[in-house]
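2 protein chains.
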Amino acid sequence: MLDRLDEVKTQVQAALDGAMAGLPEGELTDAMRYACIGGKRIRAFLVMESARLFGLRDRESLPVAAAVEALHAYSLVHDDLPSMDDDDLRRGLPTVHVRWSEATAILAGDALQSLAFGLLTDAQIGAPEIRLALVSGFSEAVGGRGMVWGQALDIAAETAVEPLDLMAIKRLQQAKTGALIQFSATAGAVMAGQDTGPLAEYARNLGLAFQIHDDVLDVTGNEADTGKRTGKDGAANKATFVSLLGLEGARDKARTLVRNAETALEPYGEGAGNLRQLARFVIERDA
Amino acid sequence: MLDRLDEVKTQVQAALDGAMAGLPEGELTDAMRYACIGGKRIRAFLVMESARLFGLRDRESLPVAAAVEALHAYSLVHDDLPSMDDDDLRRGLPTVHVRWSEATAILAGDALQSLAFGLLTDAQIGAPEIRLALVSGFSEAVGGRGMVWGQALDIAAETAVEPLDLMAIKRLQQAKTGALIQFSATAGAVMAGQDTGPLAEYARNLGLAFQIHDDVLDVTGNEADTGKRTGKDGAANKATFVSLLGLEGARDKARTLVRNAETALEPYGEGAGNLRQLARFVIERDA
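Heads up: the protein sequence lines correspond to chains A and B, in order.
Mapping to our numbering: the first sequence position 211 is 211, numbers consecutive.
Mapping to our numbering: the second sequence position 95 is 95, numbers consecutive.
No wet-lab data here; the hints were simulated from the structure.
In this text, a Cβ means the ideal position worked out from N, Cα and C, and glycines have one as well.
Misleading hints may appear alongside valid ones.
[Unchecked claim] Computed far set for chain B versus chain A, every beta-carbon distance over 10 angstroms:
#, residue
1, D17
2, P94
3, Q124
4, L166
5, D195
6, R204
7, L217
8, R229
9, K232
10, K238
11, G249
12, E270
13, A287
[Stated by the list, open to error] In silico contact screen, one side only, chain A against chain B (beta carbon under 7 angstroms); selected entries:
#, residue
14, L23
15, A111
16, L132
17, G144
Bound conformation, chain A alone:
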């Protein structure tokens, strides 16, 4: 699985570099490229492995994988802004607004979102109807009832009088990180014109497990490993899965979710080995 993840990383970086090759030289393009460096590429992996389940080739799924990573990169740049989470470190490097300016960070994020949608029109992906279904699903997943809504809920929670309860945190995370993870994991089924149900179920469990482990890492991890500031949630007195379930409770919950995710993959048999391993990786990673 980790070999395949490395392979995905290399391919996606090349695809993103290619997509940005023709942009005018300057701060904006520099910032866009910088924002796309590194990352775990889990979303790209989900796209390319779900596509493989249906016999699709990497060159068909790669533009979709690049699109989800460009979109994810934009979301991190905007989330890190002073008026949002106000983070100065990301993937072990200064955040875009620290390295350049707030204006450049806002614009680089904006242009990465446009780029992401453009990548989904790549003819390599397949029939026009398929590409349109991806554009439409992507718009839903990342917009005002998906990812951006989740971020708005997260910002609102910081100033709320009452900390969120478990249900509210799940809803927030399902929007903020779950929607794009679900888009990524079901992309293969969409491309193949097959039922997205089992992969959506896998993604729901995986996404929540991922987020719970992020909360665990915020408590137990260190900045050298994670490449971002840790201990922020506790300092902000923010309700997290750890504050609500305790450290062991959160770990238990994550393990249960990973088992559910693995069960959801049963219809795909042996071919889903990498997706199964990813689910376990998600709660074992230290970054």
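For this one, chain A is given, so just place chain B on it according to the hints.
Structure of chain B alone, referenced to chain A:
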């Protein structure tokens, strides 16, 4: 022409309201809706009138018109942010970050961009290939070598030692406002699978005339009419068409461009009457 513009306004507002009807209630959705109120709707008019030239019906072009206006609304919300142009008044109302917060303004803009791309997948527009061509062209027009690049050039110009010369301002405006205007004016030809050349030529001239007149209004207009702060360019010692050509020189230039725009419409004969009138309107408006 003004009757048709009113008709377009009504239809586009209804389409935007419809597109946002299912969004979760809250600040984010409120801010998105607020950002979409009012405006001259010139881009929507260009879409719907260019579509009419080729015999397309309003219900086919309306989702495209709504998409360009949603995109335009997002660009204004982000341009007005404190780290960008720092404006507190837009369309006669407090800007989104003044009314709510910077975070909400960034997120509302982000979600409006996602919404705009989603609108272009509407089946009403026509064949899948057409819709994909629109998504692809839109991504180019509004991204890192189009609108966002233009805004980055504009921000950079504010801190540059040397004021921009005429060539540099034209390049900046062609990206910042020209690219979306060109997308809008050629949309009908794209939808009809026809040559976009004449409409692109019309749009290049119209877009520049529009911008020159904006610079003229910044000097001669007042806030009650324009609904935004005026006199900002002079105060910022910013190079504009007026500072480079003088007030009369700028007006002459705009008139020449409008004549060129009208000439470009000749292949379309009588049917292009509204587009011709729009070109004249663009340099006669006081808002």
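Do the hints match the structure? See the list:
{"no.": "1", "hint": "D17", "verdict": "holds, 14 angstroms"}
{"no.": "2", "hint": "P94", "verdict": "holds, 17 angstroms"}
{"no.": "3", "hint": "Q124", "verdict": "holds, 13 angstroms"}
{"no.": "4", "hint": "L166", "verdict": "holds, 19 angstroms"}
{"no.": "5", "hint": "D195", "verdict": "holds, 21 angstroms"}
{"no.": "6", "hint": "R204", "verdict": "holds, 18 angstroms"}
{"no.": "7", "hint": "L217", "verdict": "holds, 24 angstroms"}
{"no.": "8", "hint": "R229", "verdict": "holds, 18 angstroms"}
{"no.": "9", "hint": "K232", "verdict": "holds, 16 angstroms"}
{"no.": "10", "hint": "K238", "verdict": "holds, 15 angstroms"}
{"no.": "11", "hint": "G249", "verdict": "holds, 29 angstroms"}
{"no.": "12", "hint": "E270", "verdict": "holds, 35 angstroms"}
{"no.": "13", "hint": "A287", "verdict": "holds, 26 angstroms"}
{"no.": "14", "hint": "L23", "verdict": "holds, 5 angstroms"}
{"no.": "15", "hint": "A111", "verdict": "holds, 4 angstroms"}
{"no.": "16", "hint": "L132", "verdict": "holds, 5 angstroms"}
{"no.": "17", "hint": "G144", "verdict": "holds, 4 angstroms"}
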